[in-house]
Amino acid sequence: MSDRATIPIGPYHPLQEEPEFWKLIVEGEKVVDVDVRIGYNHRGIEKLSESKSFDQSIFLVERICGICSSSHPIACCEAIEDICGIEVPERARFIRTITQELERIHSHLLWIGLAGHFLGYNTVFMWSWKYREPICDIMETVTGNRQNYAMHKVGGVRRDIEREHVSYILTRLDEFLKQTDMLKGAVLDDPVLHARLKGIGVLTREAAIDYSALGPTARASDVDIDVRRDHPYAAYDRVKFNVITQKEGDVFAKAVVRILELYESASIIRQCLDKMQEGPIDSKPKDIPPGEGIGVAEAPRGEVFHYVKSDGTNSPVRHKIRAPTYMNFPTFRETVIGETVSDATIIMAAIDPCYCCTERMVVVDGSNKELLKAQDLIRLSQEKTKKIRDKFGIK
Amino acid sequence: MTVDNLLQKISERFGDRILASDARSAKRLYVDIYPKDIVDIARYLFKELGLRFNIASGVDDFDGIEILYHFSYDPSGVIVTVRAILKDKDNPHIDTITTVTRSAWWIEREIHELFGVEFDGSEDTRPLLLPDDWPKGVWPLRKNFVVPKRDSRKS
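If you read the sequences in order, they're chains S and X.
With my numbering applied, the first sequence covers 180 to 574.
With my numbering applied, the second sequence covers 33 to 187.
Extracted from the complex, chain S is given alone in its bound form (with noise of 0.2 Å):
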């Protein structure tokens, strides 16, 4: 149709952390169809790890992701120690678990951070990155790292968390906590983003399990799946913890289901470190047999998933990794089709997938004329909420 016009958006997003390259075709401000190739940064890492020892190829799968570096190298470890049976000690299991969760909390407020920006809630941005340092703080001590944390090995984990450090972890958590409450008001309570957000980009029930989607993505469409409860690993059996689900299946019912997560994940690590007892933290494994595994993982956007196989020698015959975004992503099909050029910026960001939509992105028409730039998408969104703050009268 003549009309018609494509908005490439890509390859390269300095925003968020991965280059992929989106086609939106649109019809006036309506998205008709969408497309997307990604690739750009593919790095061969099944095939590398093909080449790499047991113990690299932990070292390995942590560099996939800079905010999953926990959810990898567990997965991992699990598929590795599937094939041994091999059981991991108590200590380090809960080890684990924390390094889990304080991702996750991590990862959460990253999003949180972003979608605000999207909207033109500069402030939330602020805030919320603000708000993840004490976890970064927690992080380091825990690991010594706040980012690819090199915390885990085959049969448990390289450090232990020191008894000294155990108060200040709950200091700083209980400061995390405080600005969280702030944020989850100044989110959840505010007219303007129910307005904006309820009713975009709703992904069905039924598309959500056709599509496999995973975590939160899924959650928020009623799909009741977490693989810490269904799949329970690491220490996930010994605390307890609500899985938050919502019905909608919009925009706003995903912040819904990440800001009550990033509760019931401080409330996991105070449960860890009240249960946990002294003792080994590593069961030495030796040889790895012949044989397959799997593993999985809840990362802070789904489900990771590791299979390995092994022909008895020191490293994999086969190493296949699985991220969530992977699910996630195609759902786009379902979820930004029918919608306007303006809503898709936050429908696209609420997967909280690698993508970012600035600099490189363009709006062309037939004759490849350039008619929107950059940082227009953004603004077209940050309009949106700006005309809907103006009907409700807030300055």
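For the record, the hints were derived by calculation from the structure and aren't laboratory data.
Be aware that a few hints might be false.
[Unchecked claim] Capping the alpha-carbon separation at 27 Å, the derived lysine-lysine pairs in DSS-like fashion look like this:
hint	chain 1	residue 1	chain 2	residue 2
1	S	Lys-563	S	Lys-363
2	S	Lys-563	S	Lys-202
3	S	Lys-309	S	Lys-357
4	S	Lys-566	S	Lys-377
5	X	Lys-121	S	Lys-226
6	S	Lys-363	S	Lys-566
7	X	Lys-59	S	Lys-465
8	S	Lys-363	S	Lys-570
9	X	Lys-168	S	Lys-226
10	S	Lys-419	S	Lys-363
11	X	Lys-168	X	Lys-119
12	X	Lys-181	S	Lys-226
13	S	Lys-377	S	Lys-363
14	S	Lys-202	X	Lys-168
15	X	Lys-121	S	Lys-231
16	S	Lys-226	X	Lys-119
17	S	Lys-463	X	Lys-59
18	S	Lys-231	S	Lys-463
19	S	Lys-309	S	Lys-363
20	S	Lys-226	S	Lys-465
21	S	Lys-454	X	Lys-59
22	X	Lys-68	X	Lys-119
23	X	Lys-175	X	Lys-119
24	S	Lys-377	S	Lys-202
25	S	Lys-426	S	Lys-377
26	S	Lys-566	S	Lys-209
27	S	Lys-363	S	Lys-565
28	X	Lys-68	X	Lys-41
29	X	Lys-175	S	Lys-231
30	X	Lys-79	S	Lys-426
31	X	Lys-79	X	Lys-59
32	S	Lys-209	S	Lys-426
33	S	Lys-563	S	Lys-377
34	S	Lys-231	X	Lys-181
35	S	Lys-377	S	Lys-570
36	S	Lys-419	S	Lys-454
37	S	Lys-419	X	Lys-59
38	X	Lys-168	X	Lys-181
39	S	Lys-226	X	Lys-175
Starting from the known structure of chain S, arrange chain X on it as the hints suggest.
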């Protein structure tokens, strides 16, 4: 459903179309099938038993290209792996399961480009990860693919 319940249901339904089965632990079940039965068994697991499709893994093995379809039964935390071995390495092909679940859309494109497996009936065989100008007939996750050495004289 435990591993045993699941295995019993699958065996009752498919009988001798199941080549082998192995309940490795309380949470892991492996079932070997003929490639031609993949759509039927995927439909049974996904639609009738309500399992979630995790992902598929391709493996280049001595006997052929193996494709492992991993399904999760979340209420009891069991992972069922369905294995189909494509014996003809020169022309491996299997039916697409995107007709059963759209979640297999991307992974079939990926296995297609990385292992050279044809998914019969698939509507989308465009490359997912590799660049558009990747040479034809070169499949990087096959064992005979040698990672090219970088030429240090070029920057």
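The hints, checked one at a time:
1. Lys-563(S) / Lys-363(S): 22 Å, holds
2. Lys-563(S) / Lys-202(S): 22 Å, holds
3. Lys-309(S) / Lys-357(S): 13 Å, holds
4. Lys-566(S) / Lys-377(S): With Cα atoms ~16 Å apart, Lys-566(S) and Lys-377(S) stay inside 27 Å; holds.
5. Lys-121(X) / Lys-226(S): Holds, at about 19 Å.
6. Lys-363(S) / Lys-566(S): 23 Å, holds
7. Lys-59(X) / Lys-465(S): 24 Å, holds
8. Lys-363(S) / Lys-570(S): 23 Å, holds
9. Lys-168(X) / Lys-226(S): 19 Å, holds
10. Lys-419(S) / Lys-363(S): Between Lys-419(S) and Lys-363(S) the Cα gap is close to 22 Å, so the pair holds against 27 Å.
11. Lys-168(X) / Lys-119(X): Answer holds: Lys-168(X) to Lys-119(X) is near 21 Å, not above 27 Å.
12. Lys-181(X) / Lys-226(S): 14 Å, holds
13. Lys-377(S) / Lys-363(S): 17 Å, holds
14. Lys-202(S) / Lys-168(X): 25 Å, holds
15. Lys-121(X) / Lys-231(S): 26 Å, holds
16. Lys-226(S) / Lys-119(X): Holds, at roughly 22 Å.
17. Lys-463(S) / Lys-59(X): 24 Å, holds
18. Lys-231(S) / Lys-463(S): Roughly 19 Å separates the two Cα atoms, so the pair holds.
19. Lys-309(S) / Lys-363(S): Distance of about 15 Å is within 27 Å: holds.
20. Lys-226(S) / Lys-465(S): Given that 27 Å is the threshold and the Cα spacing comes to 24 Å, the pair holds.
21. Lys-454(S) / Lys-59(X): 26 Å, holds
22. Lys-68(X) / Lys-119(X): 12 Å, holds
23. Lys-175(X) / Lys-119(X): 15 Å, holds
24. Lys-377(S) / Lys-202(S): Holds, at roughly 25 Å.
25. Lys-426(S) / Lys-377(S): Between Lys-426(S) and Lys-377(S) the Cα gap is close to 12 Å, so the pair holds against 27 Å.
26. Lys-566(S) / Lys-209(S): Holds. Lys-566(S) to Lys-209(S) sits at ~18 Å (cutoff 27 Å).
27. Lys-363(S) / Lys-565(S): Holds - the C-alpha atoms of Lys-565(S) and Lys-363(S) are around 21 Å apart, at most 27 Å.
28. Lys-68(X) / Lys-41(X): 20 Å, holds
29. Lys-175(X) / Lys-231(S): 15 Å, holds
30. Lys-79(X) / Lys-426(S): 22 Å, holds
31. Lys-79(X) / Lys-59(X): 21 Å, holds
32. Lys-209(S) / Lys-426(S): Holds, because 26 Å separates the two Cα atoms, which is no more than 27 Å.
33. Lys-563(S) / Lys-377(S): 14 Å, holds
34. Lys-231(S) / Lys-181(X): 17 Å, holds
35. Lys-377(S) / Lys-570(S): 16 Å, holds
36. Lys-419(S) / Lys-454(S): 12 Å, holds
37. Lys-419(S) / Lys-59(X): 21 Å, holds
38. Lys-168(X) / Lys-181(X): Since the Cα atoms of Lys-168(X) and Lys-181(X) sit roughly 20 Å apart, the hinted pair holds (cutoff 27 Å).
39. Lys-226(S) / Lys-175(X): Holds: Lys-226(S) and Lys-175(X) sit about 9 Å apart, inside 27 Å.
The earlier numbered hints are all upheld by this structure, with none contradicted.
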